[in-house]
Every structure is written in C-alpha cells, then in structure tokens.
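Chemist: Keeping their order, the protein sequence lines are chains A and B. Here the first sequence is numbered in this note's numbering, starting from 1 and rising by one per residue. Here the second sequence is numbered in this note's numbering, starting from 1 and rising by one per residue.
Check before you lean on any hint, since a few could be wrong.
Using C-beta positions, here's what the derived DEER-type ranges look like [as the list claims (entries may be wrong)]:
1) A:Thr-246 / B:Gly-25: 50 to 58 angstroms
2) B:Ala-10 / A:Thr-263: 54 to 62 angstroms
3) B:Arg-98 / A:Phe-229: 51 to 59 angstroms
4) B:Arg-98 / A:Gly-82: 26 to 34 angstroms
It is worth saying that the hints were derived from the structure and are not from the lab. Each residue gets a CB set at the ideal place from its N, CA and C atoms; glycine is no exception.
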Amino acid sequence: MKVNSFIGEGVNGAATRARALEAAGLDSIATAEVAHDPFLPLTLAAEHTERIELMTAIAVAFARTPMALATIAHDLNALSRGRFILGLGSQVKGHIERRFGMPWSAPAKRMREYVLALHAIWDSWHEGKPLDFRGEFYSHTLMTPRFTPEDVSFGRPRIGVAAVGPLMTQAAAEVADALICHRFSTERYLREVTLPAVEDALARNTRPRRDFEVVFRPFTAIVHDDAEFARARKELSWHIAFYASTPPYRGLLEMHGWGDLQTEAQASVKADRWSEIGDLIDDEVFNAFAVVGDARHVADTLAQRCEGVIDRVSVDVHDARPEDIEVLVSRLKRV
Amino acid sequence: MKVNTIVADALADMPAKARALEAAGFDSLARAENNHDPFLPLALAAEHTQRIELMTSIVVAFGRTPMALATIAHDLNAMSSGRFILGLGSQVKGHIERRFAMPWSAPAARMREYVQALHAIWDNWYDGKPLDFRGEFYSHTLMTPRFTPEDKAYGRPKVAIAAVGPLMTQAAAEVADAVILHRFTTERYLREVTLPAIEGALAASGRPRSAFEINYPPFTAVVHDDAERAAARQRISAQVAFYASTPAYRRVLELHGWGELQTEMQAYVKADRWSEMGAMIDDQVFGAFAVVGDARQVADALVARCAGAIDRISVDLPGATQEDIEVVVARLKQG
Numbered sequence: 001m002k003v004n005s006f007i008g009e010g011v012n013g014a015a016t017r018a019r020a021l022e023a024a025g026l027d028s029i030a031t032a033e034v035a036h037d038p039f040l041p042l043t044l045a046a047e048h049t050e051r052i053e054l055m056t057a058i059a060v061a062f063a064r065t066p067m068a069l070a071t072i073a074h075d076l077n078a079l080s081r082g083r084f085i086l087g088l089g090s091q092v093k094g095h096i097e098r099r100f101g102m103p104w105s106a107p108a109k110r111m112r113e114y115v116l117a118l119h120a121i122w123d124s125w126h127e128g129k130p131l132d133f134r135g136e137f138y139s140h141t142l143m144t145p146r147f148t149p150e151d152v153s154f155g156r157p158r159i160g161v162a163a164v165g166p167l168m169t170q171a172a173a174e175v176a177d178a179l180i181c182h183r184f185s186t187e188r189y190l191r192e193v194t195l196p197a198v199e200d201a202l203a204r205n206t207r208p209r210r211d212f213e214v215v216f217r218p219f220t221a222i223v224h225d226d227a228e229f230a231r232a233r234k235e236l237s238w239h240i241a242f243y244a245s246t247p248p249y250r251g252l253l254e255m256h257g258w259g260d261l262q263t264e265a266q267a268s269v270k271a272d273r274w275s276e277i278g279d280l281i282d283d284e285v286f287n288a289f290a291v292v293g294d295a296r297h298v299a300d301t302l303a304q305r306c307e308g309v310i311d312r313v314s315v316d317v318h319d320a321r322p323e324d325i326e327v328l329v330s331r332l333k334r335v
Numbered sequence: 001m002k003v004n005t006i007v008a009d010a011l012a013d014m015p016a017k018a019r020a021l022e023a024a025g026f027d028s029l030a031r032a033e034n035n036h037d038p039f040l041p042l043a044l045a046a047e048h049t050q051r052i053e054l055m056t057s058i059v060v061a062f063g064r065t066p067m068a069l070a071t072i073a074h075d076l077n078a079m080s081s082g083r084f085i086l087g088l089g090s091q092v093k094g095h096i097e098r099r100f101a102m103p104w105s106a107p108a109a110r111m112r113e114y115v116q117a118l119h120a121i122w123d124n125w126y127d128g129k130p131l132d133f134r135g136e137f138y139s140h141t142l143m144t145p146r147f148t149p150e151d152k153a154y155g156r157p158k159v160a161i162a163a164v165g166p167l168m169t170q171a172a173a174e175v176a177d178a179v180i181l182h183r184f185t186t187e188r189y190l191r192e193v194t195l196p197a198i199e200g201a202l203a204a205s206g207r208p209r210s211a212f213e214i215n216y217p218p219f220t221a222v223v224h225d226d227a228e229r230a231a232a233r234q235r236i237s238a239q240v241a242f243y244a245s246t247p248a249y250r251r252v253l254e255l256h257g258w259g260e261l262q263t264e265m266q267a268y269v270k271a272d273r274w275s276e277m278g279a280m281i282d283d284q285v286f287g288a289f290a291v292v293g294d295a296r297q298v299a300d301a302l303v304a305r306c307a308g309a310i311d312r313i314s315v316d317l318p319g320a321t322q323e324d325i326e327v328v329v330a331r332l333k334q335g
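Bound-form chain A, shown alone:
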C-alpha cells in the first residue's frame, strides 16, 4: 500500500515539509483546496523533491474550466517529471454557484465529462489529435500550436476523482485513474458498498482492478498519553459529527443503524450548537471512523482496515514525530 500525507495549507514551508516527508519514505504528498490555491505549494514541492508523488486531494474541478486545469496539471507533471496526480472534487452546489460563480448540475455526469474533456485536450497535446470535444457541459474545439505545450515527454498526469455516492464512484471507475474515498467512510462501507461499486464499474469498462487505485484518508491521530488522546478524541469527534449532520452522508450511517445520528447532528447544527455536536459521537461510532493511538496501533489498525481494498492510504503526519512517522510508514508500506 502506498502512503500519502497532506502537507498542510499554503506555500509557506511547503518545500521544507515536502523534503522531510520524502526523506521519511512517504510515497506521496497532497494539498487540499480550502483557503489557498492547491497548486502553488506543489510547485515548490516538485522543485525540492526527486521521487515523491504530488497530488491535489482535492482541487475543485467545477470552479475551473477543463482547459485551465489541463494546463496547470500538465505543467506540474512536466516539472515533477511525471509525479503529479490531479485529484478532483466536485464541491457542492452552493459553493460552486455562489462562491465560485460557476455552473452546477448533475455532478457525477459533469465530472465524468470533465475528465473526458481533460483527456481530449491531452490527446491533442500528447498525440496530435484534433481537439473537437463537444459535451453536454463543456466544449473545447480550438487549439493552435502556439497554445500547445512543447514539453510532452512525461505524458499526461494521472487523475483521481473524489466520490461519496454511487454515481460519482462509478464515474471515477469509468474515466479516472483513481478513486479518492471520502474521509467519512467506515471499513464496512468501503468493503460492502464502495469496493463492489468500483469493481462493477471497472468490469463493465473492462478495466483491470490493478490499473485502478483506491485512495482513502481515514481520521487518524497518533497520541502518546491520555491528554493527547482526549484532545484527539474531541477534535475528530467534532469533524465526524459535522459530516454526520450532512444529509448526503446519511445512507452510510443508516447502513450501521445510526440514521438517527444524522437527524440529531443536523438539529444541533441548525440550533447553532456547534460546540456540542462532537458529544453526539459515542465510542462505537468514533471507532468506526477514527483510529487513535500510538504509532504502532494506528499503523496496525489501518493495515487491517485497508487490506485488500485500499491502494493508497493517507495519514496526516506533516507535524508528527519522526520516529512515529517511521513506524507508521514502514508498517503501512508492507500491506
């Protein structure tokens, strides 16, 4: 299993953290798109590393036109000599329309077409095919030599698609190189829902499972004493409860017989009782989503949960102790 870590937000210190994580044996580092652009830190990371893969997990696809992302992904892949993975996420309607001022509709269908549009652009650049992509959501029908990158020796970047529901999971398995599972997933959900959906979609498209990658970033924390445990329990519980409050994730809770938790968490959010929502997460729910303990415990538990399902596990170790990272990385890589 490959091991990924996020490097934290923003460009400050990105180069130093990237070098340290490469030295610690991580297979890849990732940026998320929250309050900063996700590509600039990876540019510095590419400059300062040799081997480690670089990914966005995720960049908000629908906030940009495929042409802009095709270009930036190409450039990062060329600079890093083929180490870039473009991880795409849909975000939600409100943020796409009202924050980004871009169109939203049929997200799984749109994402599927988005990836096809990226490949049509790269087909033009890498293989000289005429660009004549006419989709339902995106059309790209003009490309001239002046706008064609010349540095095509590292080929096209790989693409990951972040999915929660079955339609987006299916789109990922049809057109992308990797599925980025949502953090709000339990082992049971991964094995009983996600994996069968992936295998099914791959089979229908006659794609072998080994050519496809499933990426998962569970809630984890490495702790050394009771005080650290309590802090991690509280912080992660808040995140879990926040996701639990969101209607799209109810199906997952219902599978475990925890559907009422969604109703309760949503009521707490609506009543603006944010600080209390973490209290709704009991030990059983907590342990289904999160892994907290010393490095050995975290590594062994993750190994067990991911075995046979996950190809790349993401742990947040950019500020962990070097000896903990070593234990974690060496054990997870053996899976």
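Given the coordinates of chain A, work out where chain B should sit on it, guided by the hints.
Modeler: Chain B in isolation, oriented as in the chain A frame:
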C-alpha cells in the same frame, strides 16, 4: 521609469532566471499565458528573489472565474511579500468560447466588472466586508471563514489590464491600478490617442495620474552588426505585419494614414502568404513601431518615446549581452 522583462523559460529554469534578472536590476519580471500556466513560474521566482516585482502579462481573465484568480493572486502576493501584480487580458471571443469553454460578451464591460468582483472578494478577506457581489456577468455571494486566507499582512495585489481599444483603456483607468498597452502602438498613437483617453477616464473617476501606471512593451532588439540588424528587422517585421493584418488594430495605422496596410496584410493572411508579409513593412512603418540598434541607441530612443508618458517599460532583448542589458536597464531607469 520602471523596467520590466517578459520571460518564457521552462519551470525548472525559473529560479536561476529570476535571480539573474533581479541581479541585473530589472524592477519586474512578467509571464505571459501562452502554452503554459503563468502562475507556477512566478511562484518559483518569488521563492528565489527578494525585491523584483512579479507580474502576469497577461493571464486570460475570462478563462477563469474571479474567485480562482483572487485566490491565486492573493497567495502569490503573500508569498512574495507584496510583490505581485495581476495583469489581466481579455483574449478574443474564439479563444474564450472555443478554447476555454467560458462565456464571452462585451469585453470592456465584463473586464470592468471582473476587477470589481476581485476587489469585492478582497474587501471580504482584507476588510471583513460581507461578500455580496451581484454583477451582470459574475456573482460571488458566499464566503465562509474556512475559505478565507489568514495571511493578509501584505494586502491586496495590484491589478493591471491589457488594453487596445478605447473602451478597455477606459475600463483600466476606472478600476485597475495599471494599464498594459499593446505592443502594436506608435509614439504618436500613444500621445495623441491613448494618453488623453487615460487622463480623461482618470479625471472622470477622480483618480490622480500619479496613482496609475502605464506599462508599454515596444518591439525592441539590441544588435551588434549588420547581420544581426537584418535578422532583427526580418523577425520584428513579421510580427508587425501580423498585427497589422488584424482589423482591431487598424485604428493605429489609420492615425498615420496607413489604413490600407491593414487591408493588404489581411489579404495576405487570407491567401496564406504568411512568409511574404514582413517584407511589406517599409522603413517608415518599421521605425514607428520598433527600436533596433546598439544598447545605447535602443535605450535613448526608448527614453525619448516614453518620456512623460510611460511608467513601466517592458523590454525583451534577445541577443543582448550582459553588458547591453546593464546599459539599457540603467539608462531606462533614469528616463
């Protein structure tokens, strides 16, 4: 006068190039958007320099949503400690619609609103004003603390607009910090058309001329002998002829009584006689657009053309020696 230069080096070569340009005394370096993303190289330049300003000249505004550009411009400005200038261009209808798959209409009105949208986003981030921008072309009405950058010490980036026609020039003078003139400009057009239009628009907006910057990238070449002179004449004539063929630039030629040249050049383009076009540019037309000579001649001629009109001159000097560059930069900075 500030001195800028436009660079097109591969990403991996940017750190050394940026350091060299800073050492040579340039006030700014710029990246155009052709077949690569224009921001990634500036991130590397920012990392490896201390003083030199960094600008896009230009990035295709309408190929992106204001939110994406507001974010990346903020990040580059913060990482460069306030040295970033976001230079925006409209591109043309065909490229926006068919290459970028983004909407095109009323470019000057759209560009004015685009800059206002950027400032509405930055007003929210830097001044805590609610984000409620509802324009004719762009709407941005959602921002939460989670998506708000925290590193605001350097304030908002400066914004420049590339303009050819009177409407875009007026939009720049109304809402931007600088205008980037088209290289297809003569001194006479500059003084008789562009400058009065800018001064009129600034006065109408109650903005002092001293708070606004005019940026001009003339055709230039430093040459050392007759063979180099002939090569530069041929290379630049082809570019002048190409621009001369474009109806949008006819008004520049008409001011000089050369309107027929546009008709002729357009006919050559339509007849696919590209290679013959440069030869149609006579000495008088060539001399009005281009400055070719030894370093001192080029510097003196540019100073004479720009005196009292231009605040930042953009020179690219292929074939110039290190010594030539020092002469040109030092002389222009005094001018």
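Chemist: For every hint, state whether the structure bears it out.
Modeler: Comparing the hints with the structure gives:
1. A:Thr-246 / B:Gly-25: 50 to 58 angstroms: For Thr-246 (chain A) and Gly-25 (chain B) the Cβ distance comes to about 55 angstroms; the hint holds.
2. B:Ala-10 / A:Thr-263: 54 to 62 angstroms: Once the Cβ atoms are compared, 55 angstroms apart, the range 54 to 62 angstroms for Thr-263 (chain A) and Ala-10 (chain B) holds.
3. B:Arg-98 / A:Phe-229: 51 to 59 angstroms: holds (57 angstroms)
4. B:Arg-98 / A:Gly-82: 26 to 34 angstroms: With a Cβ separation near 30 angstroms, Arg-98 (chain B) and Gly-82 (chain A) satisfy 26 to 34 angstroms, so the hint holds.
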